[in-house]
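Peer 1: Each chain, written out:
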Amino acid sequence: MTDDFNQARDIDDPEVSGGDGVDRRGFLQCMAWAGTGLVWTATGGVLASRALSPASAAEPALDFSFVQVSDTHIGFKGEANKDALGTFEQAIARIKALEPAPAFIIHTGDITHAQKAGAFDIVTEALKGTKAERVFYIPGENDVFADGGKEYLGRFGGPTGTGWQSFDYKGVHFIGLINVLNFKAGGLGSLGQAQLDWLKKDVERLTSSTPLVVFAHVPLWAVYPKWGWVTEDGGQALSYLKRFGSVTVLNGHIHQIMQKVEGNISFHTALSTAFPQPAPGVGEGPGPVKVPAERLRSVLGLREVNYIQGKSRLAIVDSTLA
Amino acid sequence: MNGSNRSIRVRWLWRLAVLGAAVFGGLAVATWASAGQSANGTAAGQLAQPVAVAAQTGPRIEIAKHKFSLPTLTVPAGTTVTWLNRDEDVHTVVSTTQAFRSGGLETDDAYSYKFTKPGVYQYFCTLHPLMTGRVIVK
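The listed protein sequences correspond, in order, to chains S and Z. If you want the working numbering, it's the 1-based position in the first sequence plus 82. If you want the working numbering, it's the 1-based position in the second sequence plus 1212.
Among the hints, a few may not be true.
[What the hints assert, rightly or not] Listed next, the stretches of chain S that the computed footprint assigns to chain Z, with coverage defined by at least 3 CB atoms under 8 Å from CB atoms of chain Z: (1) 190-198; (2) 223-229; (3) 263-269.
[Claimed, not checked] In the EDC-like style, the derived pairs of lysine to aspartate or glutamate whose C-alpha atoms are separated by at most 20 Å in a straight line are: (4) S:K164 to Z:E1300; (5) Z:K1277 to S:E366; (6) Z:K1279 to S:E366; (7) S:K198 to Z:D1320; (8) S:K372 to Z:E1300; (9) S:K372 to Z:D1320; (10) Z:K1279 to Z:E1300; (11) S:K159 to Z:D1320; (12) Z:K1277 to S:E161; (13) S:K164 to Z:D1320; (14) S:K159 to Z:E1300; (15) S:K198 to Z:E1300; (16) S:K198 to S:E171.
[Said to hold, decoys possible] Stretch-level coverage of chain S by chain Z, calculated; a stretch enters the list once three of its residues show a Cβ under 8 Å from a Cβ in chain Z: (17) 160-167; (18) 364-370.
Honestly, the hints are just simulated from the structure, not real lab data. Even for Gly, the Cβ is constructed at its ideal location relative to N, Cα and C.
Make the full structure from the sequences, and use the hints.
Peer 2: Put into structure tokens, the structure is as follows:
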């Protein structure tokens, strides 16, 4: 594999990596140059990227890949995207076109915009239409606020009814966490003691060489606490994961790509399929941002994650809908 | 379908509210001012208007950029307070003691609650819990 476009120097620069670990300007230049997306790989804590190009014979065979889709906000009708259903369907078409097909799909929440009747069904039916064997859903606050999570848990809560979950796939251990239930006035997203206890027990039996993928809606790391872009007890959860050699954390919620590496843990937030949000601290507050219509699809997208056995990191491919 | 119907209804109500405010506005503002300053007891009696009119002319808290425009509002007992969401995000208005609880408010949706008993009512948005406010009822 050749690094056509190596960003390692920029990303490693403390001036640009101090806040979120991403050099936005450099990243956007990359996006413009690559057209469709980037493969992010990380070695020794340093992120690097290359242009996303058709697989070449020199590429090692993939053990498997999966897709992360996030913040579909079905039911959104605001000015920031008059056709959030259309852009969601475009993302579905992209998933269907993937070769090889993803083994499964992870939805990192805000499946619906306002929990209106039928909104969950639109998403589950559309994702069933892909070739993925399974779809895993973790809620965002927009999926649980109206009924305290009753509908979400009824649909996706699993045998324990708690919604948090783990599974193994070809040697990789996946953990889905919920950090949008039981919000307290003035508080932040949190996992809660019961879930933390479960997580601690869940990973206890694993050897430190097991690659972990953790997914949750609100970022588990402090992206921007003033806007609630943090999980109050995320640090506690991460402390159980520090001994592992490869931990990939996938979040949604902030509708933009941010990446950060701390030791063996790499953090990645994803694009929405519905609308973008401002960069942390830019403007008066978070919320849907209206961009010129011709630019909208370049700030929406989805993510493919490739796992190759023997590689210490999973390769993250973020693609926009443009 | 329910959502859009409700949305239309709410917008229609707001047009009525604007009209109501134009007609009763001066009277209502004066009434709150004098009632707010009165020491006790008689505030509810001073708001002699029917509830429906009070709902249209009572104090309004706008929700914009993840903030309540009047994070602290003092009103006499019997006042109906209305929250209006100007954001494209969904917000809620939920009492920390569950004394009142709105549904999800989408853009231009409103929620009203009549405060009948004196006290301090803390509330927040259950989607964005950093959004907090309080209504002090005298």
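Peer 1: A separate judgement is required for each hint: does it hold in the structure or not?
Peer 2: Hints, verified against the model:
1. Interface restraint, the segment 190-198 of chain S with chain Z: holds (4 residues with C-beta to C-beta distance below 8 Å; minimum three).
2. Check result for the segment 223-229 of chain S against chain Z: holds, 4 residues qualifying (beta carbon to beta carbon below 8 Å, three or more required).
3. Interface restraint, the segment 263-269 of chain S with chain Z: holds (5 residues with C-beta to C-beta distance below 8 Å; minimum three).
4. For the given pair, K164 (chain S) sits about 12 Å from E1300 (chain Z) by alpha-carbon distance, which is consistent with the 20 Å threshold.
5. About 6 Å separates the Cα atoms of K1277 (chain Z) and E366 (chain S), which keeps this hinted pair within 20 Å; it holds.
6. A distance of roughly 9 Å separates the Cα atoms of K1279 (chain Z) and E366 (chain S); the hinted pair therefore holds under the 20 Å criterion.
7. Using a Cα cut-off of 20 Å, the hinted pair K198 (chain S) and D1320 (chain Z) holds, with the two alpha carbons roughly 17 Å apart.
8. The suggested pairing of K372 (chain S) with E1300 (chain Z) holds, with an alpha-carbon distance near 10 Å, which does not exceed 20 Å.
9. Among the hinted pairs, K372 (chain S) with D1320 (chain Z) is consistent with the structure: their alpha-carbon atoms are about 17 Å apart, no more than 20 Å.
10. Between K1279 (chain Z) and E1300 (chain Z) the alpha-carbon distance is near 13 Å, which keeps this suggested pair within the 20 Å criterion.
11. Proximity of K159 (chain S) to D1320 (chain Z) is assessed by CA-CA distance (about 12 Å); at most 20 Å being required, the pair is judged to hold.
12. Straight-line distance between C-alpha atoms of K1277 (chain Z) and E161 (chain S) comes to about 15 Å, which keeps the hinted pair within the 20 Å bound.
13. Note on K164 (chain S) and D1320 (chain Z): the hinted pairing holds, with a Cα-Cα distance of about 16 Å set against a maximum of 20 Å.
14. With a C-alpha separation of about 8 Å, the suggested pair K159 (chain S) and E1300 (chain Z) falls inside the 20 Å cut-off, and the hint holds.
15. With a CA separation close to 16 Å, the supplied pair K198 (chain S) and E1300 (chain Z) stays within the 20 Å bound.
16. Our distance criterion of 20 Å between C-alpha atoms is met by K198 (chain S) and E171 (chain S), whose separation comes to about 18 Å.
17. For the segment 160-167 of chain S, the stated coverage by chain Z is satisfied: 3 residues place a CB nearer than 8 Å to a CB of that chain, which reaches the threshold of 3.
18. Check result for the segment 364-370 of chain S against chain Z: holds, 6 residues qualifying (beta carbon to beta carbon below 8 Å, three or more required).
Hint compliance for this structure: no hint is broken.
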